[in-house]
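With the hints as extra help, turn the sequences into a complete structure.
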Amino acid sequence: AQSVTQLGSHVSVSEGALVLLRCNYSSSVPPYLFWYVQYPNQGLQLLLKYTSAATLVKGINGFEAEFKKSETSFHLTKPSAHMSDAAEYFCVGGQNFVFGPGTRLSVLP
Amino acid sequence: EAGVAQSPRYKIIEKRQSVAFWCNPISGHATLYWYQQILGQGPKLLIQFQNNGVVDDSQLPKDRFSAERLKGVDSTLKIQPAKLEDSAVYLCASSLAGVSYSYEQYFGPGTRLTVT
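Same order as they appear, the protein sequences are chains G and L.
The numbers in the first sequence follow the numbering used here, run straight up by one, and end at 249.
The numbers in the second sequence follow the numbering used here, run straight up by one, and end at 1178.
Just the calculated beta-carbon pair ranges, DEER-fashion:
id, chain 1, residue 1, chain 2, residue 2, range
1, L, Tyr-1072, G, Glu-204, 31 to 41 Å
2, G, Ile-200, L, Ala-1064, 14 to 24 Å
3, L, Arg-1071, G, Thr-145, 30 to 40 Å
4, L, Gly-1134, G, Ser-167, 27 to 37 Å
5, G, Ser-210, L, Arg-1071, 38 to 48 Å
The hints are simulated quantities; they were obtained by calculation from the structure and are not laboratory data.
Glycine residues also receive a C-beta, built at the ideal position from the N, C-alpha and C atoms.
Printed below as a string of structure tokens:
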């Protein structure tokens, strides 16, 4: 069965620190992967997507993700966290648009 | 460009009652999706339409859930009768034409359903 996993249901970082949110997918997932963000009381918003054009994908708000087929990973990073980055982040992939369980990012002042 | 519209935003019903949700996708988007997001979990795809035809409804509990997309634009999702475990946020999304998993989806604000 296709699956997307996210390590860590809750990640806390200090403002200005590196953000790393982990995503792994099962090898049966077709290589279309997305990261979505859900701000409190708002709808889901696309951060970035991978569609095999380039392994390093740049998204909005300074986020980027690297597709590593050998590790079946698609981790999301941002060099310097901002308070406004606090939200729920979802990794999504494959047929039936399988969502990971989500990672809640908290940014501490 | 107008986004995906959903109504109502909130709904509270008693178990065994029925409820319906409405979605209007972005103009020109042929593909429409309904998701169920239970608190603390990622959204789960319930049904996917391509124009007015069903592409995938494998995860739709068909004994109580139904959905339609007349004329290939607006869509309604119905639950009858509702159970306590149906309490969730119901999200509607749309994407450009074509059943391709590379197309990004645009999400509406969702309808929060509470079943008491």
